[in-house]
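J.: Dock chain to chain to rebuild the complex, using the hints, since each chain is given by itself in its own frame.
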Amino acid sequence: MDSVLNQIGIENYIFLSVALFCIGVFGVLYRRNAIIVFMSIEIMLNAVNLLFVAFSTYHQDAQGQVFVFFSMAVAAAEVAVGLAILVAIFRNLGSIDVANLKNLKG
Amino acid sequence: MSTVLIIFCILAAVTLASAFMTIFTKNPIHSAIYLVICFFSIAGHYLLFNAQFLALVHIIVYSGAIMILMLFTLMLMNLNKEDEVHKPRITRLGAVVSFLLIISVLIAIFIQTKPIVGPYDTTGEDYQSIKVLGQVLLDQDNGFMVAFEFASILLLVAMIGAVLLSKKEKSSK
Numbered sequence: 001m002d003s004v005l006n007q008i009g010i011e012n013y014i015f016l017s018v019a020l021f022c023i024g025v026f027g028v029l030y031r032r033n034a035i036i037v038f039m040s041i042e043i044m045l046n047a048v049n050l051l052f053v054a055f056s057t058y059h060q061d062a063q064g065q066v067f068v069f070f071s072m073a074v075a076a077a078e079v080a081v082g083l084a085i086l087v088a089i090f091r092n093l094g095s096i097d098v099a100n101l102k103n104l105k106g
Numbered sequence: 107m108s109t110v111l112i113i114f115c116i117l118a119a120v121t122l123a124s125a126f127m128t129i130f131t132k133n134p135i136h137s138a139i140y141l142v143i144c145f146f147s148i149a150g151h152y153l154l155f156n157a158q159f160l161a162l163v164h165i166i167v168y169s170g171a172i173m174i175l176m177l178f179t180l181m182l183m184n185l186n187k188e189d190e191v192h193k194p195r196i197t198r199l200g201a202v203v204s205f206l207l208i209i210s211v212l213i214a215i216f217i218q219t220k221p222i223v224g225p226y227d228t229t230g231e232d233y234q235s236i237k238v239l240g241q242v243l244l245d246q247d248n249g250f251m252v253a254f255e256f257a258s259i260l261l262l263v264a265m266i267g268a269v270l271l272s273k274k275e276k277s278s279k
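First to last, the sequence lines map onto chains P and V. By this note's numbering, the letter at position 37 of the first sequence is numbered 37, and the numbering carries on one by one without gaps. By this note's numbering, the letter at position 131 of the second sequence is numbered 237, and the numbering carries on one by one without gaps.
In isolation and in its complexed conformation, chain V is listed as follows (with noise of 0.2 Å):
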């Protein structure tokens, strides 16, 4: 076995545990930090396939921004104590099964489809460094200079509705 190898089975196995121990635990604070740990190993994922840019973006936008807001959130409900009623038991059987047929069925799909997936040949020049990315992106001609605005306007918008959505009503009840 190769050291990438090595690497990428200890990347995997720790970001699936940490994924399932999300899911896991009865406290939702513990659950927030696995989550984290989760997508750091995601971020090592992207480090391996050599792509800078969007380990970054996923290191700042996921454990940064999004974990620090939920984490605040649990914490604006003092929601951080085991008091959970669990579903009926027949709804996490029926979780549980769900769970397992859609992976087998995946999983097999994928297998039998293994022969398409041709082998992979590298041509060795630069396509995914910040620069050829920004380029990519921003292309006068067929770039994504609209789908780029678009989200500028999409994350105004979630903003405002955030804002207007938290804001402590006046009381006209």
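Looking at chain P on its own, in the form it has when it is part of the complex (with noise of 0.2 Å):
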């Protein structure tokens, strides 16, 4: 079988998870509501997991995807918890804009 690599070449690799690494940063950085950059994050998440399985096939080794199976285990956790924290924050405030999470008071 004619290996996957060759024929994309692992910098396409590179800059597709760089691109879509910026989108997430882009998006933390544009939006207000909590839950898009939340959405936001986990694409981060998901480019720097794109670019551990593709060198993870490039140097043949598997241990770069079990790396990966870890951080799902602790993005799934992360985001378990962050929503559990936006509902209370609905709950107290109302909306769950960032701009208006300014006091620690809740």
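None of these hints come from the bench; they were simulated from the model. The structure presented is a predicted model; accordingly, all values stated were derived computationally and were not measured. Idealized CB from N, CA, C, for every residue including glycine. Some hints here could point you the wrong way.
Unchecked claim - Covered stretches of chain P, as calculated for chain V (at least 3 residues, CB under 8 Å):
1) 38-51
2) 56-69
3) 79-86
T.: See the structure below:
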């Protein structure tokens, strides 16, 4: 089987991951809705995962994919706790606009 | 152009476009739908690498669990209306400028380092099927057993924390 990386090239994957990561950064900076900010963080995590898998194929080493597995577990935990915090914030403030989160007192 | 390269280009275009639409749509529900499309195209990238296990887990965890969680939260808060106030213009301008700066600098860096990334040669040995992946993950000597157990503890703690945080408080105020 002819390998995928010979036909595509690892640099194309690097560029794709960089673009995806930057879109995530842009989303965090641009939007005020906290859930969209969360989605942007997920996009950034996915960009890193994609690069992990690309280099795992490049080095023919499965350890990179094991790392992606752990990073998915951490992302799942992060989203669960983060959304619970957002629900609590929404219950206290009535909105999840990040501009409204200025004071620590609930 | 080979077929694989064409597939890659289509997948990459879908990934980037849906990621952009996630950020630019006004309605949060539409954002969530675009994010699901983005995750599916990333799973397509994994399949292109022949990483079947990761593609499966990615679809189950991201498109299944995480997106359902986000959609439920959106519907719980009744946010599916387009009344979001935009950030002040100067902040948005700053966001666009920093996005362009970061992406141009990073891509320029990686174009410059391209000669270091050498040619890729395959040995044809199986290294990423589910069987091999399981052996690497749970190997006796240099596996990831400790990290695996800690991941389970992390998920347990996250579950307890999420339940505690989102539980209705007693009216003590």
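J.: Now, for every hint given, state plainly whether the structure supports it.
T.: Cross-check of the supplied hints:
no.: 1; hint: 38-51; result: holds (count 8)
no.: 2; hint: 56-69; result: holds (count 11)
no.: 3; hint: 79-86; result: holds (count 7)
Taken one by one, the earlier hints all hold for this structure without exception.
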